[in-house]
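Between the sequences and the hints, there should be enough to build the whole structure, so can you do that?
Throughout the sequence shown, residue numbering follows mature numbering (1 follows the signal peptide of the UniProt record, and there is no 0), covering -26 to -1, 1 to 105 in sequence.
Keep in mind that the hints were calculated from the coordinates and are not lab data.
If a hint is listed, it holds; no wrong ones were tucked in.
DEER-style ranges, computed between Cβ atoms:
(1) Q83 - Y18: 24 to 32 Å
(2) Q76 - Y18: 40 to 48 Å
(3) Q93 - T34: 19 to 27 Å
Mimicking DMTMM-like on lysine to aspartate or glutamate, the simulated pairs with C-alpha atoms at most 25 Å apart in a straight line are:
(4) K6 - E85
(5) K27 - D79
(6) K27 - E3
(7) K27 - E85
Here a beta-carbon is modelled for each residue, glycine too, at the ideal position from N, C-alpha and C.
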Amino acid sequence: MNFKMTLGQCALASVLFGCASTPVMNATEREKYLAQFVGQSSSYIQSHLDLAKLGYQNATAPFVQQNTLSYTVIRPISIPIPMAQNPALGAGAGTAVPIPTQSYDASLQCEIRFQLQNQIATAVQLSGRTC
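Right, here's the structure in full:
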């Protein structure tokens, strides 16, 4: 009974920690958040768009052309490297080789483009695999 209680507490803590450590929006929430900027001026978008809320970081400064406001953004991720925790060291197996890291860090790129007409956003488009 005590084991089940401890196991249940660990599972609950894992779920709560997982939810608390994942601030990234899902695709529907992301689209809804970006859609609120349609109808706004490019200067308003530049001052109010919160890329961190979307789980992104700016890779470059926003690029403004006559009809487009573009953001090139990245989403840093950490990909775990699977490895045996206790490899068997039998005869002839040699010694364990230490690996300096247990994950691979990568930055996935995305482009957010606001179509402008008279410096007012008329549409938003996302391109890239992480959008």
